[in-house]
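Use the sequences and the hints to build the structure in full.
Quick note, the sequences are listed as chains A and B, same order. Once you know that position 174 of the first sequence is 327 in the numbering used here, the rest is easy, because the numbers rise by one and skip nothing. Once you know that position 134 of the second sequence is 156 in the numbering used here, the rest is easy, because the numbers rise by one and skip nothing.
Keep in mind that the hints were calculated from the coordinates and are not lab data. For each residue, glycine too, the CB sits at the ideal point set by N, CA and C. Keep in mind that the hints are not guaranteed to be accurate.
Stated by the list, open to error - Computed footprint of chain B on chain A, listed as stretches where at least three residues anywhere in the stretch have a Cβ under 8 Å from a Cβ of chain B: (1) 159-165; (2) 174-183; (3) 404-417; (4) 456-469.
Claimed, not checked - Straight-line C-alpha distance at most 27 Å; calculated DSSO-like pairs for lysine-lysine: (5) A:K157 x B:K49; (6) B:K137 x B:K258; (7) B:K49 x A:K453; (8) A:K453 x A:K490; (9) B:K32 x A:K186.
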Amino acid sequence: MMRKLALSDDILLAVEKPARYLGNEINAVYKDKESVDIRFAMCFPDVYEIGMSYLGIQIIYDLLNARDDIACERVYSPWTDLDKIMRERNIPLFALESQDPVKDFDFLGITLQYEMCYTNILQVLDLSGIPLYAAERSEEDPIVIGGGPCVYNPEPIADFFDMFYIGEGETVYYDLMDTYKACKKAGESRRAFLEKAAKIPGIYVPQLYDVSYHEDGTIADFVPNVEGIPEKIEKQVVSDLSHVIYPEKPLVPFIKVTQDRVVLEIQRGCIRGCRFCQAGMVYRPNRERSLEYLKDKAIKILTSTGHDEISLSSLSSSDYSDLPELTDFLIDYCEKKKINISLPSLRIDAFSLDVMSKVQDIRKSSLTFAPEAGSQRLRDVINKGLTEEVILKGAGDAFRGGWNRVKLYFMLGQPTETQEDIFGIADLANKIALEFYDIPKEDRPGNKRVEIVVSTSFFVPKPFTPFQWSRQCTEDEFRDKQRYLSNSIRESLNHRSIRYNWHEFHLTELEGILARGDRKLSEVLVNAYQSGCLFDSWSECFRNDLWVHAFEKAGMDPAFYVHRERGAEEIFPWDFIDAGVTKAFLRREYERALDEKVTPNCRQGCSGCGCRVYGGGVCYEA
Amino acid sequence: MKLRIRFSKKGPVKFIGHLDILRYFQKAFRRADYDLIYSQGFHPHPILSFASPLGVGLESEGEYMDLEVNTMDSPAVMLERLNAQMAEGIEANCYSVLRDDAKNSMSILAAADYKVCFRDGRMPCDRTKMEEMIEAFLACEQIPVEKKTKKNLLEIDIRPMIRTLSVKEDGSIWMQVSAGSAANLKPELLLESMFCQNGIAFDPYALLITRLEMYAADADGRLVPLSEYQAVSADKLSVCSKEMEA
Ligand code: SF4
Ligand code: SF4
Numbered sequence: 154m155m156r157k158l159a160l161s162d163d164i165l166l167a168v169e170k171p172a173r174y175l176g177n178e179i180n181a182v183y184k185d186k187e188s189v190d191i192r193f194a195m196c197f198p199d200v201y202e203i204g205m206s207y208l209g210i211q212i213i214y215d216l217l218n219a220r221d222d223i224a225c226e227r228v229y230s231p232w233t234d235l236d237k238i239m240r241e242r243n244i245p246l247f248a249l250e251s252q253d254p255v256k257d258f259d260f261l262g263i264t265l266q267y268e269m270c271y272t273n274i275l276q277v278l279d280l281s282g283i284p285l286y287a288a289e290r291s292e293e294d295p296i297v298i299g300g301g302p303c304v305y306n307p308e309p310i311a312d313f314f315d316m317f318y319i320g321e322g323e324t325v326y327y328d329l330m331d332t333y334k335a336c337k338k339a340g341e342s343r344r345a346f347l348e349k350a351a352k353i354p355g356i357y358v359p360q361l362y363d364v365s366y367h368e369d370g371t372i373a374d375f376v377p378n379v380e381g382i383p384e385k386i387e388k389q390v391v392s393d394l395s396h397v398i399y400p401e402k403p404l405v406p407f408i409k410v411t412q413d414r415v416v417l418e419i420q421r422g423c424i425r426g427c428r429f430c431q432a433g434m435v436y437r438p439n440r441e442r443s444l445e446y447l448k449d450k451a452i453k454i455l456t457s458t459g460h461d462e463i464s465l466s467s468l469s470s471s472d473y474s475d476l477p478e479l480t481d482f483l484i485d486y487c488e489k490k491k492i493n494i495s496l497p498s499l500r501i502d503a504f505s506l507d508v509m510s511k512v513q514d515i516r517k518s519s520l521t522f523a524p525e526a527g528s529q530r531l532r533d534v535i536n537k538g539l540t541e542e543v544i545l546k547g548a549g550d551a552f553r554g555g556w557n558r559v560k561l562y563f564m565l566g567q568p569t570e571t572q573e574d575i576f577g578i579a580d581l582a583n584k585i586a587l588e589f590y591d592i593p594k595e596d597r598p599g600n601k602r603v604e605i606v607v608s609t610s611f612f613v614p615k616p617f618t619p620f621q622w623s624r625q626c627t628e629d630e631f632r633d634k635q636r637y638l639s640n641s642i643r644e645s646l647n648h649r650s651i652r653y654n655w656h657e658f659h660l661t662e663l664e665g666i667l668a669r670g671d672r673k674l675s676e677v678l679v680n681a682y683q684s685g686c687l688f689d690s691w692s693e694c695f696r697n698d699l700w701v702h703a704f705e706k707a708g709m710d711p712a713f714y715v716h717r718e719r720g721a722e723e724i725f726p727w728d729f730i731d732a733g734v735t736k737a738f739l740r741r742e743y744e745r746a747l748d749e750k751v752t753p754n755c756r757q758g759c760s761g762c763g764c765r766v767y768g769g770g771v772c773y774e775a
Numbered sequence: 023m024k025l026r027i028r029f030s031k032k033g034p035v036k037f038i039g040h041l042d043i044l045r046y047f048q049k050a051f052r053r054a055d056y057d058l059i060y061s062q063g064f065h066p067h068p069i070l071s072f073a074s075p076l077g078v079g080l081e082s083e084g085e086y087m088d089l090e091v092n093t094m095d096s097p098a099v100m101l102e103r104l105n106a107q108m109a110e111g112i113e114a115n116c117y118s119v120l121r122d123d124a125k126n127s128m129s130i131l132a133a134a135d136y137k138v139c140f141r142d143g144r145m146p147c148d149r150t151k152m153e154e155m156i157e158a159f160l161a162c163e164q165i166p167v168e169k170k171t172k173k174n175l176l177e178i179d180i181r182p183m184i185r186t187l188s189v190k191e192d193g194s195i196w197m198q199v200s201a202g203s204a205a206n207l208k209p210e211l212l213l214e215s216m217f218c219q220n221g222i223a224f225d226p227y228a229l230l231i232t233r234l235e236m237y238a239a240d241a242d243g244r245l246v247p248l249s250e251y252q253a254v255s256a257d258k259l260s261v262c263s264k265e266m267e268a
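What follows is the structure, given as structure tokens:
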């Protein structure tokens, strides 16, 4: 018997990429719903091809399905074409494996990878027939739980979730499931379960906390409204990543997805403390997986998926201690098996150039540098320990080694930035070009020209970073900065060799609002969704006018969230989370930034950020 | 060693497009540990080719792909290994070892069998009427239809491309038509033209089309299934699910 599908053939033939809605991928897990106690629908609120590419979902999928009493299935946002049909014909949103309605599940887990997917969360709830506001849900509705990087400030979407899980998925999911199972068996109410769950470390149940505000809109107080639950929610981390479950049989989709390869996560966290970087702070401490563990997983996953490419994943792979041994092993194994290795952007040095020349076609690949700021002064402010000397030396070596393409990444609008700093970007690009043209013509690689691509994004201050106090630039300021850079590049000697790519700034403003927003924003989100906002991260779908209107309708001023410098004493919406790094450390780092002082990385010296409490990783290296 | 594998594609996977099926098999062969021959260069890929792409929404009993391997086990074991790696709805059902000088299936394809069913009661007329229509249709000496190409509209005569056409007891339509690079007739186009001739509205969504087999023509013009053409051996799956009535 073939599996039944939730959508008719007519619908599947009418939509773009029907494969998004079929399931049936290699390594998908099917269970008989009668044989399990808990059905968990794991959702990525974006289109299938994006959602299938995240390792985090795969980890939870594997972890939950490893238990006989749980069936975990997947859900993605239907693309706009199917969304329309489902609304017209009243077709409820379904999970891919069983094709059953999401509403029949015990849990709907939603992973929160970026702020611009928030209206898609509402779409998923709405199409599933689950009330948008958690407070309005009945005993029949699934428990809606959120996880992922955006939970480091879940407040703008807190009203839509029954709970959030703060930290790494591997740790307390089983406890939560056991608690649920016991409650279900005892016939306890939704409310009773929520109160019990709130006592599990890392679980945050927004309804059980009250927020009050000062007249100026900032938070006065944030307190539990029931007895016995913690005031602060502690982030949960895996202290030893070499003895923990890792999906050995990840799903292999039929259609091309963003990450169409084996992803091997070699470590978590980062030893560097770039002051704008949220990932670098919230995933502390840096924890490496052992070489043996990684070799074993690499072979198992390549064998179980049949992928012809493997890529290493981590925040800063060059810092992984056994990188040479790992790449040697992979190069050797993959060469025999005709498997491609795709390396994340490594810091350019003799080692990385050697490895890159072995695994890629130099003529077609490019060098990547992410100085993030154009001048040494500003790089000190943001604590990016990359110097002009190192960049120029790396580029020079690479040019002599055969490369002739360079990609440079910068951010505009970081604290204290001046025109001089922006000019520094053009200047650096120009110096890299000179480095190339200094090589005698006959020794130059490629078609005798260098191609430099400068990309800039706009700086958005994020929670749990030293810059969480800082103001975000306005759209006008961003536009001016971009123009200034564009002109500076055009004026430079080697402008013919330099191309400039820039980002849209509309999205940046909204991202900033949602990143540091509070609970008052839920009304804006509902307004925006109801007026038609969806897939906001897709520029073809983003409707700035509707968002502006959504704020007006709610009588809210976006500037409050983005354009003001926050006071040292202000209580932030995310302060109830204990993410390891202390607020005192972050403040100290902010002040050092303004003093243009760099802070050593975790291997050079511990700066007492607060993460030693997790008992593992770089904090305890000899 | 040159190999040709026939496979079926049914159920939900009928919505998976041709290029995705190609990528799917590249991975499946790796999982099944086939010793494939790869192209040279920085991004080597296995040398795989298909007889003819199957449209999205069509099912098949007889899709073909050609591949080359350095070494192999017995055909039964090779089939078993591949089938252990298949997603629901795809099954390898015949394994042919070809002569070294065998041409690839794309270049020799000459004809294909199709079965067309009408989805849940969407048959546009009764069986008797269908029979009459077919008889009249086949009696035409020429059947001109307009075919859209990239540049313009082309008028072609499809009559010579129709080898057989009939309606079965259950109301399904069976046909054998030209396929391949020289002349290729899609069942939808044939039916559209026939319905049009009789003033019946044509609803492509009402059709469930299954490709049953593909053929090459031998020196005498006789059709030979691709699995047997220029083959040294052709081992069918022991438990054969094929419904070959034609
Ligand atoms: S190197 Fe800097 S920017 Fe990169 S992950 Fe680490 S802290 Fe973040
Ligand atoms: S406690 Fe020290 S070593 Fe550990 S993460 Fe913080 S700064 Fe780094």
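Taking the hints in turn, this is what the structure says about them:
{"no.": "1", "hint": "159-165", "verdict": "holds (count 3)"}
{"no.": "2", "hint": "174-183", "verdict": "holds (count 5)"}
{"no.": "3", "hint": "404-417", "verdict": "holds (count 4)"}
{"no.": "4", "hint": "456-469", "verdict": "holds (count 6)"}
{"no.": "5", "hint": "A:K157 x B:K49", "verdict": "holds, 26 Å"}
{"no.": "6", "hint": "B:K137 x B:K258", "verdict": "holds, 21 Å"}
{"no.": "7", "hint": "B:K49 x A:K453", "verdict": "holds, 14 Å"}
{"no.": "8", "hint": "A:K453 x A:K490", "verdict": "holds, 13 Å"}
{"no.": "9", "hint": "B:K32 x A:K186", "verdict": "holds, 25 Å"}
This entry satisfies every hint, going by the numbered hints stated previously.
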